[in-house]
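Go ahead and model the full structure; you've got the sequences and the hints to work with.
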Amino acid sequence: MISTIKHTFVGLFALASLSGCASALCGAQTDHATNPLQRENNRLECERQVMSAMDEHERKQKRESDELLKAYLDKHLKEAH
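Read in order, the letters of the sequence shown correspond to residues -24 to -1, 1 to 57 in mature numbering (1 follows the signal peptide of the UniProt record, and there is no 0).
Because the hints were derived from the structure by calculation, they are not lab data.
Being a predicted model, the structure only gives us computed values, none of them experimental.
Just so you know, not all the hints are guaranteed correct.
Said to hold, decoys possible - Only pairs whose alpha carbons sit at most 30 angstroms apart, straight line, appear in this in silico BS3-like list of lysine-lysine:
id : residue 1 : residue 2
1  : Lys38     : Lys54
2  : Lys36     : Lys46
3  : Lys36     : Lys54
4  : Lys36     : Lys51
5  : Lys38     : Lys51
Unchecked claim - Simulated restraints, written as ranges between beta carbons of each label pair:
id : residue 1 : residue 2 : range
6  : His33     : His8      : 21 to 29 angstroms
7  : Tyr48     : Gln25     : 30 to 38 angstroms
8  : Leu53     : Ala9      : 53 to 61 angstroms
9  : Tyr48     : Asn11     : 53 to 61 angstroms
10 : Thr10     : Glu43     : 46 to 54 angstroms
Using N, Cα and C, we set each Cβ at its ideal position, and we do this for glycine too.
Quick look at the structure:
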């Protein structure tokens, strides 16, 4: 149980630090565009996609963590009765 919680916090911390990298990574990826407006649009779309993927990953991790917590509580509450 404790390792699951620790794993979740480590995952969330990693995602938080990656969000700052999204801008740098997307900036590097879109530098090849010659039109400044297109370059900015590409960078913003890239950042949106990165943040969306990270949000989905976080939701999945939370669902898994909630399921594990529920299973743990169910098991131990049944044993207590």
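inquiry  = Name the hints, by number, that the structure is in violation of.
reply    = none
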